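Chain residues, written in single-letter form:
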Amino acid sequence: MNEATPLTLAALGGVVSERSGVVNIALEGMMLMSAFTGYVVAFQTHNLWLGVLAGVLTGVLIATLHAALSISLMVDQIVSGFVINILALGITGVFFKGFLQEASVAGPGVLPTWEIPLLSKIPVIGPILFIHQPITFAMLLAIVLIQFLLFYTVWGLRTRAVGEHPLAADTVGINVYLVRYVAVILSGGLAGLGGAYFSLQQIGQFLPNMTGGRGFIALAAMIFGKWKPLGAFYACLLFAGAEALSGRIQITGVHIPFQFLGMLPYLLTIIVVAGAMGRAVAPAADGKPYRKA
Amino acid sequence: MSVVAGFVVAGLAVALSGSDPWQSFYALFQGAFINPRALPETLVATTPYIFLGLGVGLGFRAGLFNIGAEGQFYIGALFGVFIGYSLHELPTIVHVLLALLAGILGGFLWAAVPGILKARFGAHEVITTIMLNYVAFALVNFLINNGPMVDKSSSAPRTPYIDPAAQLPILASGTRLHAGLLLALLAIPIVWFLLDRTTIGFRIRTVGFSPTAARAAGISVAWTLLATMGLSGGLAGIAGADEVLGVSHYMPPSFSTGYGFDAIAVALLARSNPWAILPAAFLFGALSSGSRFMQFQTQVSADVISVVQATVIMFIAAPVLFQWIFRLRRAPAPAIKIASEEGVL
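First to last, the sequence lines map onto chains B and Z.
Quick note on the working numbering: the first sequence kicks off at -16 and runs consecutively.
Quick note on the working numbering: the second sequence kicks off at 225 and runs consecutively.
Any given hint could turn out to be false.
So these bits of chain B aren't anywhere near chain Z, every CB distance computed over 10 Å [claimed, not checked]: (1) Ser63; (2) Gly214; (3) Gly224.
Partial selection, computed: residues in chain Z whose CB lies under 10 Å from chain B [said to hold, decoys possible]: (4) Val238; (5) Ala446; (6) Gly482; (7) Val528; (8) Ile529.
To be clear, the hints were calculated from the coordinates, so they are not data collected in a lab.
As the structure is a prediction and not an experimental result, all values here were calculated from the model.
Beta carbons are placed, not taken as given, at the ideal position from N, Cα and C, and that holds for glycine.
Could you put together the complete structure from these sequences and hints?
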C-alpha cells in the first residue's frame, strides 16, 4: 500500500489529464520537483505540513507550464513533457548541490502514522485501510473523489467530452482550453502530492532523481487501468506488489542477483503496456492539440 | 537564439541557488575552449553526441521518440567492450571494426525490442524505451559488479581492459582525442544519404509524415518503424562502443553521463537534419566538457546544463513563444511534430 501511494496519485493525475486529451509524461518531473520543494520548505520551516502544501503547489505550478506549452502554444505534448522532466532533473540537481548537501544530514523527519479510532480495530481490513501515514489516506480519498468527479458530475462529463471530441464539445459551448487547463493543473496537484510522499513520508530526505521513473510506471498503470481511477489503482497495487516482492525475495536470500529483481517493475511495465494496448482504448482526442477555428 | 535564452534561464537558476552566474559561465567557457586541452576534450565529448544525435534524429523523422538512446548506448558499450577484451592478437583494424560492429548490433537489438512492441502491439515507445533504460542499467550493473564480466584482478568493479589492438588510435598526442571523431564525421553523410537518397529513407520520412498515407501507398508501416528504431539504436550502440574503444578502454558499472538524454536535445536543436547535427553536437560537447570544469571551479552543479537544454528545446518546440518574445515578423520553421497518428499513450 505504501509503495502504491505515489504511483496511484500520479496515475490519477494521468487519468484526469488524458481524459481531457492532454498526454502528461511530465508526471515524473512534477513528482521530482515536488519532492524537492516539499523537502526544502519542510526543512526551512520545520513544518512537514507546509512541506506537503509546497509539494502540491509545485506540482500545480509545473502543470501550468505544461498546460501553457501544450495547450496554448501547441507544443507537441510529449516534447513539452520531456522538457519538464529534464528541467526538473536539472533544477533539483543545481539546487541540491547549492544548499542542501550539508543540510541533508538532519532532516525534518517523516509524517506521522495515523490510526483511525475504532475503524482500525476491524479485523483484516482495519489495518489495511485505516492505519497509514497522511498521504496514503489522501491517496485513498483521491481515488474515490476523482472517480466521482469524472463520472458523476457535469465537470467530469465536460472533461471527458473534450478528451473524446473537442470540436463537438466546443460546438455546444464548452471552453475546451479552460477544461484542459483545469484538468492538467489538477493532475499536477495530484502528482505533486505523490512527489511529497517520497521526501516527506517515505524517508524524510531528498535524493537526486529519487522518483526513479515512477511517473512512467504510473502512466503504464493508467493504461492498464483503462483510463479509470479505480482501474489505475488496482494496476498500481500490482506494480507496488512487484516492487515489494522483489524487496522481500532479496531479504530471504534466494540466489538471484539483486539487479534482476530491481528490473521486475520495469519489465512488468513493458509487458503491461504491450499487452493492454490492443484492448484498452485511449480517449479519442488524447495527445492532439486543439486549435479553435 | 534559443541557446541564448537557455543561458539566461540557467543563469537565473544559478543566481537563485546562491552562486555568481557570470563567474560560472566564464568557468564554463574556459573549460570548453581556453584551458590547455580544453578543445580536444570538447571534441571528445562531441563524438558520442554526433552518433547519438543522428540516431535520435533518425527516429524523429519516422515520428518515433527514442528516449532509450541512453540504454542502447550502454548495451552498445557492453558488446563493444566484450569483443575488445575477449579477443586477442588481431590486427588493430579488424579488432576495432569487430568491436564497433558488435556495438552497433547491441544497440540495434536493444532498440528492436521497443520497435517490435510498437509495430506489433502499438505500445508507445516513450514508455517502453524508458523502461528498457532502467533494465539496461540494471543488466550492465549486474554483469560488471557481480556478474561474469568483472575483472577479478581489480579492486574497483569494472570489466577487464580491452586489448591494446582494439583501442582507437589517438589523433593528437597528449590528449584523449581519438579517431572516433573521424568515424562520427563520416556517419553524418552516410545518414544523410540514407535518409534523402534511398528508398528506406523515403519510407522513413513518409511514415513520419503520415502513417495513413504511407499505408495507402503500400509501405509497410510496421517494418519501417522497426527498421528505424533498430537503426536509431545501432547509432546509439556505436556511440557506446566508440566511447569504450576510444576513451575509457574498459567499462565501469555507471558509464555514461546522460549522453543519451542530451542527444534528444541535440537532435531537436538540429531539427533532425543530419548536417545540422554537427554544430549542435559541438555545442553540447562544449557544454559537457565546460560544465565539468565549472563544477570543479565554482561548486555549481553540472546539472545546470540540463536547464540550458530544457529551455533550448522549449524555445525550439514553441515557435509561437519566439514570435511573442522577439516580435518576429515571419514565423520560424514549423515545430517538430512527434506524436504520430497512432499509438498515442
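Do the hints match the structure? See the list:
1. Ser63: The claim breaks: Ser63(B) does not keep its Cβ more than 10 Å from every Cβ of chain Z (closest is about 7 Å).
2. Gly214: With a cut-off of 10 Å, Gly214(B) remains clear of chain Z, as the shortest Cβ separation is near 16 Å.
3. Gly224: holds, 17 Å
4. Val238: Hint holds; Val238(Z) Cβ to chain B Cβ min 7 Å, cut 10 Å.
5. Ala446: Result: violated, 14 Å to nearest chain B Cβ.
6. Gly482: Hint on Gly482(Z): holds, closest Cβ of chain B at ~9 Å, below 10 Å.
7. Val528: holds, 5 Å
8. Ile529: holds, 7 Å
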